[in-house]
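Asks: Listed below are the residues making up each chain.
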Amino acid sequence: MSAVEAQTRKKKRDAMLDELSASIPYIRFLDVEFTRMGDELTGRLNYSEKLIGNPMIPALHGGVVSAFLEITAQTQLTWDLIWPKLEAGGEAEAALLRGEFPRTPKTINLTIDYFRSGRPRDAYARAIVQKAGRRVANVRVEAWQDSRDRPIAAAHGNFLMPGEGK
Amino acid sequence: MTRIHEDGYEMKAVPHSSELGMRSHKADPAHAIISVAYQDNLVGNPETGVIHGGVVTTVLDNCCGLAAMTHPDLKGMVATLDLRIDYMRPAKPGMTLWTSCECYRLTRSVAFCRGVAYDEDERDPIATATGAFMITAAKTKFEN
Numbered sequence: 001m002s003a004v005e006a007q008t009r010k011k012k013r014d015a016m017l018d019e020l021s022a023s024i025p026y027i028r029f030l031d032v033e034f035t036r037m038g039d040e041l042t043g044r045l046n047y048s049e050k051l052i053g054n055p056m057i058p059a060l061h062g063g064v065v066s067a068f069l070e071i072t073a074q075t076q077l078t079w080d081l082i083w084p085k086l087e088a089g090g091e092a093e094a095a096l097l098r099g100e101f102p103r104t105p106k107t108i109n110l111t112i113d114y115f116r117s118g119r120p121r122d123a124y125a126r127a128i129v130q131k132a133g134r135r136v137a138n139v140r141v142e143a144w145q146d147s148r149d150r151p152i153a154a155a156h157g158n159f160l161m162p163g164e165g166k
Numbered sequence: 167m168t169r170i171h172e173d174g175y176e177m178k179a180v181p182h183s184s185e186l187g188m189r190s191h192k193a194d195p196a197h198a199i200i201s202v203a204y205q206d207n208l209v210g211n212p213e214t215g216v217i218h219g220g221v222v223t224t225v226l227d228n229c230c231g232l233a234a235m236t237h238p239d240l241k242g243m244v245a246t247l248d249l250r251i252d253y254m255r256p257a258k259p260g261m262t263l264w265t266s267c268e269c270y271r272l273t274r275s276v277a278f279c280r281g282v283a284y285d286e287d288e289r290d291p292i293a294t295a296t297g298a299f300m301i302t303a304a305k306t307k308f309e310n
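Going down the list, the protein sequences come from chains A and B. Heads up, the first sequence is in our numbering, so the first residue is 1 and it goes up one at a time. Heads up, the second sequence is in our numbering, so the first residue is 167 and it goes up one at a time.
It should be emphasised that the hints constitute simulated quantities derived from the structure, not laboratory data. Check the hints yourself; a few may be wrong.
What the hints assert, rightly or not - When the alpha-carbon atoms are kept at most 16 angstroms apart in a straight line, the in silico EDC-like pairs for lysine to aspartate or glutamate are as follows:
| no. | chain 1 | residue 1 | chain 2 | residue 2 |
| --- | --- | --- | --- | --- |
| 1 | B | 258 | B | 213 |
| 2 | B | 258 | B | 206 |
| 3 | A | 131 | A | 100 |
| 4 | A | 106 | A | 87 |
| 5 | A | 50 | B | 213 |
| 6 | A | 12 | A | 142 |
| 7 | A | 106 | B | 206 |
| 8 | A | 106 | B | 213 |
| 9 | A | 11 | A | 87 |
| 10 | A | 10 | A | 49 |
| 11 | B | 178 | A | 100 |
| 12 | A | 11 | A | 113 |
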């Protein structure tokens, strides 16, 4: 593959990732975006005043941080389903390019630990899939702001994976 | 049975609660009830129109916190320490989301809360929540 082809492929995949999150109204409402390095995603929660939960501190709403963690976990799981199809190419890849994405994994439960209040600025999150089962996946996800080693919150959850054939 | 104020009150002091259109309804001490009307921009599944789990979590977090805040013995503010959400079923598209939460135990440093999210019937929950909230001194910044 030439350098130009590789670059085109990367752009196509990045555009697909943008489309995946833009297809969900609530992700647009919170203004969460994803960037990727290969198959690893990093979520970015773009700050706006409407995300504030405590105007006195001021701090992000705890629910917004939780939702951001949940979205990051679900998007990573969905991307993990998409990734092998992209690599395989053919009809599976073509369907994805038409915007036919797998269904979002359903959250069974989510436990969130809050370490410090979220400041009025962008936040980032990354998920680690601890166990990717056929039916259930267990995911750990962490959010931070200025410093990666000072997370503002972490969560772990179980997700029901969508069946094959959409 | 708790008395519910039909219309409730807008939660204007909190920007995000206001943005979601949360309304706080008349509740007993240490018990809060919040509603959020269905909105297209809160949808998590565009095919079915079901609202996103993150909205349910946000309202439950807020409602548990409010239950702790209205506890008659609370002196100070509260900050969420942890929250566990179990999702039983999707919310019904087009319906108002309700949450009902109570602070069932208050110690010197921690408020223990639990609650449910539902649309038509509290006994048929969308999700349940259990949370612990740290009690912080009034007007003091949460440790950061």
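Asks: Hints broken by the structure, by number, lowest first?
Replies: 3, 4, 5, 6, 7, 10, 11, 12
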